[in-house]
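If you're matching them up, the sequences are chains A and B in order.
Every number in this note's numbering is 1295 more than the matching position in the first sequence, counting from 1.
Every number in this note's numbering is 225 more than the matching position in the second sequence, counting from 1.
Quick caveat, the hints were computed from the structure, so don't treat them as lab data.
Hints may be right or wrong, so weigh each one.
Taking lysine to aspartate or glutamate pairs in the EDC-like style, the calculated list, with each CA pair at most 16 Å apart, reads [said to hold, decoys possible]:
id, chain 1, residue 1, chain 2, residue 2
1, B, Lys363, A, Asp1323
2, B, Lys445, B, Glu456
3, A, Lys1373, A, Asp1347
4, B, Lys363, A, Asp1321
5, B, Lys472, B, Glu340
6, A, Lys1407, B, Asp374
7, A, Lys1335, B, Glu359
8, B, Lys363, A, Glu1324
9, B, Lys363, A, Glu1429
10, A, Lys1373, A, Asp1323
11, A, Lys1373, A, Glu1429
12, A, Lys1335, B, Asp374
13, A, Lys1373, A, Asp1360
14, B, Lys363, A, Asp1353
15, A, Lys1373, A, Asp1321
16, A, Lys1343, A, Asp1323
17, B, Lys472, B, Glu438
18, A, Lys1373, B, Glu359
19, A, Lys1373, B, Asp431
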Amino acid sequence: MKSAFRVQTEMTENHTHRKCVVIIDDDDEDVFAVRRAFSKSDPSIDLKHISDGVAAVDYLLSYTDYSDLPDLVLLDIKMPGMNGFEILRALRSSDISRHLPIIMFSTSASPKEIRQAYSGGANAHLIKPNSMSELQEFAQAIAVFWLSAATLPNRG
Amino acid sequence: MTQIAKMTEVGASTGGFSPCESFLNNAPFNQGSSYEAIQGLTSDFRFSIDAQLAWSWFMPIYPVENVIRLSVDDFCTSVAGEACTGTAPGTKQMTDTACNDAAIGALRAKVSELEALNERLAQFAYAAAHDLEEPLRKIRQYGDLLVEDHSATLNKDGQFYVNVMTSSAQRLSSLVKNLLQFASASQGDLVLKPVDLEKPFQKALDDVQHPLEEVGMVTKMGSLPTVQCDEMLVQIVFNNLVLNAIKYRAPGRSPEMTIALAEDGDDLVLSFTDNGIGFDKSEADRIFEPFVRLGSKSEAQGTGIGLAICRTICERHNWSLTASGIKDSHARFEIRIPGANRND
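Just chain A, with the same shape it has in the complex (with noise of 0.2 Å):
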């Protein structure tokens, strides 16, 4: 049973095609940017937005298959509630999720946080970028290596 919380989703659900990124933030302008981004490196990519973290948690711990779940998750970190390092300390510490891709999506760029973020299990930490242009290489990127490239835990 999924959860019933909101998923804000503009294309309609479809695992056995499509690649599904799920993006948990709170900021919708930057999800905003991102989605663009995302939609012109692949507009067959799903982008999933959570803004809330409490949400995002039981909706991914709500799968009972891997082969559901999403490709990967894109999580800020400074969130109200429920921050990005909680999060992933929830994701890690289930085992249908353990072995989701998480790549942390933040503004910080403190040495300390990225250490955090790694040895919390994190799969890459990426600052946020400040131009489109910057952010459209991001999607490219992520889209070449983690959608394409890499063999992942749900598609084995």
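Place chain B on chain A using the hints.
Coordinates of chain B only, in the frame set by chain A:
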């Protein structure tokens, strides 16, 4: 006491603002405080948080050591004075030893308070960066989107306006980054170990390889010594000195920079000489002040804080960094490392 009065005003005005807003609203803050400011900081917790915000404005301008050193001197005089003269009438005056013990104990407490304060300050710097970065990022990204989506409907004026907005936001964002670099260069412990200076210098050159190649600058370097220093910070110094030479290169001359080592008694002197636009003798000290830019904005790109960062880092090592030069001929920066030439 005027400092404390000012800080109280600062404290009173922070209600309803985020730390970052109040930080900006209250700047620039009078720079001369130390002991009085510290007294104010410790007298009351709420007040200390507010004063800390105000403090953070001049902290980067005065290296932490200076602030501590100043406050310790003042504090010694003050505590010793109080401890020795504050005895009740009729009792024998305290002995010198008791006097010193009281002063040393109180001093230790103050030092650990200052250390805690610096730690909180570093955390504040990151919080401020986050607060400032977010709106800046949106100005740039959404400016880009405006151009991308609506450039057809924007006339020439409109496009010019957006360009000015986004490039200003870009400049502001590098200012914030540099301010943070300055703040973090002024605090935290130095990681001292023997370092072959050629290593950080080579890394600094690698970092600026792109701008170096772009302007075709040639660097000439003799052999560099091994000295006791914080490698990361020294690399920042070299980096900024090279960037400075690139920034102030003379039009029409192929840019060069010569790094030389000289012995002067017990000291080693490292000099960085370029063949750029130089500067007037009267400006030799002013160029180390943050945000001083010689020449117009269009002549030189940058935030005007690089040399201030260099001087702060050198002073933290007890080195001196001085500038000399001739206008339209060259600029020369000298790092004097006291005692590095002593054989003991």
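Now the hints, each set against the structure:
For the suggested pair Lys363 (chain B) and Asp1323 (chain A), the alpha carbons sit about 11 Å apart, so the restraint of at most 16 Å is met. With a C-alpha separation of about 21 Å, the suggested pairing of Lys445 (chain B) with Glu456 (chain B) is violated against the 16 Å cut-off. A C-alpha spacing of about 11 Å is found between Lys1373 (chain A) and Asp1347 (chain A), which places the hinted pair at or below 16 Å, so the restraint holds. Our distance criterion of 16 Å between C-alpha atoms is met by Lys363 (chain B) and Asp1321 (chain A), whose separation comes to about 15 Å.
Restraint check for Lys472 (chain B) and Glu340 (chain B): not satisfied, since their Cα atoms lie roughly 37 Å apart, outside the 16 Å limit. Distance check on the hinted pair: Lys1407 (chain A) and Asp374 (chain B) sit about 38 Å apart at the alpha-carbon level, beyond 16 Å; violated. Under the criterion of a C-alpha separation no larger than 16 Å, the hint pairing Lys1335 (chain A) with Glu359 (chain B) is inconsistent with the structure, at around 23 Å. With a C-alpha separation of about 8 Å, the suggested pairing of Lys363 (chain B) with Glu1324 (chain A) holds against the 16 Å cut-off.
With a CA separation close to 13 Å, the supplied pair Lys363 (chain B) and Glu1429 (chain A) stays within the 16 Å bound. For a cut-off of 16 Å, the pair hint linking Lys1373 (chain A) to Asp1323 (chain A) stands: about 14 Å separates their Cα positions. Taken as a hint, the Lys1373 (chain A) and Glu1429 (chain A) pair is broken in the structure, with Cα atoms around 21 Å apart against an allowance of 16 Å. With a CA separation close to 13 Å, the supplied pair Lys1335 (chain A) and Asp374 (chain B) stays within the 16 Å bound.
With a C-alpha separation of about 30 Å, the suggested pair Lys1373 (chain A) and Asp1360 (chain A) falls outside the 16 Å cut-off, and the hint is violated. Our distance criterion of 16 Å between C-alpha atoms is broken by Lys363 (chain B) and Asp1353 (chain A), whose separation comes to about 30 Å. For the hint linking Lys1373 (chain A) to Asp1321 (chain A), the alpha-carbon distance of about 9 Å falls within 16 Å, and the restraint holds. A C-alpha spacing of about 12 Å is found between Lys1343 (chain A) and Asp1323 (chain A), which places the hinted pair at or below 16 Å, so the restraint holds.
With a CA separation close to 13 Å, the supplied pair Lys472 (chain B) and Glu438 (chain B) stays within the 16 Å bound. About 11 Å separates the Cα atoms of Lys1373 (chain A) and Glu359 (chain B), which keeps this hinted pair within 16 Å; it holds. The hinted pair formed by Lys1373 (chain A) and Asp431 (chain B) fails the criterion: a straight-line CA distance of about 33 Å is larger than 16 Å.
Violated hints, in rising order: 2, 5, 6, 7, 11, 13, 14, 19; the structure is consistent with all others.
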